[in-house]
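Colleague: One-letter residues, chain by chain:
2 protein chains.
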Amino acid sequence: MRKIKVAVNGYGTIGKRVAEAIMLQPDMELIGIAKTRPDYAALLAYRMKIPIYTSREHVKLFENNGISVAGTIEDMLREADIVVDATPAGIGAKYKPLYEKYGVKALFQGGEKPDIADASFNSYCNYDECLDKKYIRVVSCNTTGLLRLLCSLNTYNKIRRVRATIVRRAADPKEDKKGPINSIKPNPVTVPSHHGVDVKTVLRDLNIVTTAVIVPTTLMHLHIVNIEFENPMTRGDIINALSARRRIALVNAELTGIDSTAKIIEAARDLGRKRSDVPELIVWEDSIHVSGNEVILMQAVHQESIVVPENIDAIRAVMGLAKNPEESIRITDQTLKIGIFREMFSIPKS
Amino acid sequence: MRKIKVAVNGYGTIGKRVAEAIMLQPDMELIGIAKTRPDYAALLAYRMKIPIYTSREHVKLFENNGISVAGTIEDMLREADIVVDATPAGIGAKYKPLYEKYGVKALFQGGEKPDIADASFNSYCNYDECLDKKYIRVVSCNTTGLLRLLCSLNTYNKIRRVRATIVRRAADPKEDKKGPINSIKPNPVTVPSHHGVDVKTVLRDLNIVTTAVIVPTTLMHLHIVNIEFENPMTRGDIINALSARRRIALVNAELTGIDSTAKIIEAARDLGRKRSDVPELIVWEDSIHVSGNEVILMQAVHQESIVVPENIDAIRAVMGLAKNPEESIRITDQTLKIGIFREMFSIPKS
Chain A
420 MRKIKVAVNG
430 YGTIGKRVAE
440 AIMLQPDMEL
450 IGIAKTRPDY
460 AALLAYRMKI
470 PIYTSREHVK
480 LFENNGISVA
490 GTIEDMLREA
500 DIVVDATPAG
510 IGAKYKPLYE
520 KYGVKALFQG
530 GEKPDIADAS
540 FNSYCNYDEC
550 LDKKYIRVVS
560 CNTTGLLRLL
570 CSLNTYNKIR
580 RVRATIVRRA
590 ADPKEDKKGP
600 INSIKPNPVT
610 VPSHHGVDVK
620 TVLRDLNIVT
630 TAVIVPTTLM
640 HLHIVNIEFE
650 NPMTRGDIIN
660 ALSARRRIAL
670 VNAELTGIDS
680 TAKIIEAARD
690 LGRKRSDVPE
700 LIVWEDSIHV
710 SGNEVILMQA
720 VHQESIVVPE
730 NIDAIRAVMG
740 LAKNPEESIR
750 ITDQTLKIGI
760 FREMFSIPKS
Chain B
420 MRKIKVAVNG
430 YGTIGKRVAE
440 AIMLQPDMEL
450 IGIAKTRPDY
460 AALLAYRMKI
470 PIYTSREHVK
480 LFENNGISVA
490 GTIEDMLREA
500 DIVVDATPAG
510 IGAKYKPLYE
520 KYGVKALFQG
530 GEKPDIADAS
540 FNSYCNYDEC
550 LDKKYIRVVS
560 CNTTGLLRLL
570 CSLNTYNKIR
580 RVRATIVRRA
590 ADPKEDKKGP
600 INSIKPNPVT
610 VPSHHGVDVK
620 TVLRDLNIVT
630 TAVIVPTTLM
640 HLHIVNIEFE
650 NPMTRGDIIN
660 ALSARRRIAL
670 VNAELTGIDS
680 TAKIIEAARD
690 LGRKRSDVPE
700 LIVWEDSIHV
710 SGNEVILMQA
720 VHQESIVVPE
730 NIDAIRAVMG
740 LAKNPEESIR
750 ITDQTLKIGI
760 FREMFSIPKS
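Chains A and B supply the protein sequences, listed in that same order. FYI, this note's numbering numbers position 117 of the first sequence as 536, with every residue one higher than the one before it. FYI, this note's numbering numbers position 113 of the second sequence as 532, with every residue one higher than the one before it.
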């Protein structure tokens with residue numbers, strides 16, 4: 420079978436991770452990445468033999484740093500079956516006409532407005548809906564975290580309403596110009612925050628309201644989620660539903676000592692995960708509080724990597740490479756070694 | 420040749436890294452680690468098949484988390500040729516009588532007082548002096564960074580005096596209970612700080628005074644070093660001297676974008692370094708300012724990993740496994756892939 424030719428436009432936090440994930444897929448070929456600056460990430464990509472494309476006016480800059488460029492972004496699009504747009508928020512919309520001109524399918528990220536694409540995407544929620552579409556938007560990290568949880572529970576028992584607070588990290592680890600560094604900032608100060616609205620681009624009829632604040636940390640986001648079901652639930656029901664999903668890791672803080680976002684990242688470092696990434700949604704088992712129809716829990720979202728498996732599945736959906744979500748998810752999880760986190764840090768039942 | 424049997428007592432930041440480094444050495448065998456808590460690091464070590472020892476009163480705790488213990492710390496010492504003490508600062512002194520009782524050689528870390536050992540150690544400075552000694556102290560991360568720099572330059576031109584400021588990180592990434600988180604703290608407010616004094620445990624006659632402050636960050640320490648030589652130097656002299664050392668990576672901030680400790684760590688993440696570690700001393704090429712006999716520069720020290728190669732070399736010195744530093748350093752650097760950082764992020768001279 421011919422491998423699907425995938426290009427990645429933008430090589431920052433998401434782009435570099437998705438590019439490397441594509442290289443691990445048996446049914447995909449990374450034909451190149453496009454980048455505007457010849458920085459350390461470009462040097463490393465070049466030395467890893469990844470073809471680098473850039474706009475005509477940047478070629479000289481790359482050559483000054485000893486990096487030979489494979490061609491222009493247009494050259495890259497001409498070769499590709501699909502492009503993953505991982506440019507900064509809002510820039511994807513500016514590139515869309517170029518993708519249209521070259522007749523290439525495209526994935527956009529959650530920083531773009533929903534109407535850029537034919538549908539928004541989450542692997543556990545609406546893979547089927549995105550099959551063979553032309554333009555798909557993979558929702559942002561927080562929305563992905565919420566959708567993974569809700570679509571895992573929704574198959575179990577109908578959800579009546581969701582109220583969630585998103586405690587956001589201020590900046591990514593590499594970002595040394597962003598804040599706040601000594602403040603807790605409502606984000607926005609109006610209610611609702613956009614996260615719940617974004618969840619509804621996938622789960623259209625859900626009654627969900629979210630609020631968000633930003634705190635001075637770089638590691639992960641944390642959600643406090645309150646869910647009301649149509650019917651009473653038990654703690655065991657929730658644990659069973661979440662345990663059935665490889666992309667969710669239930670963690671026992673008391674027994675393992677993994678009791679903060681810092682400890683989750685330290686566990687990922689010890690595990691030898693590249694870049695200390697945690698593409699799994701981490702749910703603290705200790706936090707699951709059930710009372711009648713109501714469930715409250717806390718979960719942590721690694722903003723840099725949680726959308727990577729979703730991008731890979733979205734490529735398969737759009738290109739018709741796998742006709743059902745289970746097939747794509749299985750290949751993605753196996754190649755990205757998702758599932759190891761919960762295996763390694765689980766406590767055997769005595 | 421029989422492999423040297425090494426035990427590691429303490430499995431925190433330094434212990435877990437040294438244990439894994441030992442497993443990569445052709446002339447050493449890790450016979451086990453000793454730990455007091457059955458946390459995520461213990462779970463992972465257990466699932467990596469590393470024998471875990473603990474004190475008799477902690478065995479039950481480990482078994483409750485499904486971890487079978489290989490024996491007591493005494494059992495471990497009975498088996499070992501040498502123990503690397505990586506217990507918290509000051510605790511090594513409490514263990515020394517036990518090491519003496521079992522007739523086992525021991526390495527201590529920089530958190531112990533110098534007089535615990537027969538000598539303090541740095542691979543580039545005094546390997547020969549530590550050959551076949553019984554107890555050796557591997558100096559702390561900041562002292563290791565200073566010694567790597569000074570012993571690389573001292574072979575080049577005689578140093579008359581050193582004045583340095585240590586801007587310390589407040590806590591390690593996993594430590595979520597330590598501060599300061601919103602203050603710059605003289606550490607101590609008296610001059611000198613202990614770092615220069617500690618340098619003199621290895622370079623006894625050096626005129627060095629250091630000052631230190633703590634700032635709210637977890638990633639790396641940063642040093643501003645002022646060196647006065649006996650004779651005039653050029654910028655080229657400094658660059659040549661530092662380029663000759665694999666454990667020093669000269670980084671060009673302007674050309675690579677690696678212009679902060681956050682970016683150094685991001686580069687290590689992209690490189691796929693386990694735990695994003697940077698055992699190399701990073702010197703910013705841009706910062707090297709030379710005027711007559713005087714040199715000023717800035718360097719960054721990864722507190723979690725810089726002493727790991729030194730611990731491995733110290734084991735070889737104490738056990739007489741390599742009769743000269745070059746031989747040990749070569750094996751250590753090769754097995755720990757030291758040198759890759761500067762190779763991958765260097766800018767070719769045009």
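Don't take each hint at face value.
Claimed, not checked - Heads up, simulated DMTMM-like pairs for lysine to aspartate or glutamate below, C-alpha to C-alpha not over 25 Å straight-line:
1) B:Lys693 to A:Asp591
2) B:Lys596 to A:Asp595
3) B:Lys593 to B:Glu745
4) A:Lys577 to A:Asp551
5) B:Lys756 to A:Asp696
Quick caveat, the hints were computed from the structure, so don't treat them as lab data.
Colleague: Against this structure, judge whether each hint is valid.
Modeller: Each hint, compared with the structure:
1. B:Lys693 to A:Asp591: 19 Å, holds
2. B:Lys596 to A:Asp595: 23 Å, holds
3. B:Lys593 to B:Glu745: 34 Å, violated
4. A:Lys577 to A:Asp551: With a Cα-Cα distance of about 29 Å, the restraint between Lys577 of chain A and Asp551 of chain A is violated, given a limit of 25 Å.
5. B:Lys756 to A:Asp696: 21 Å, holds
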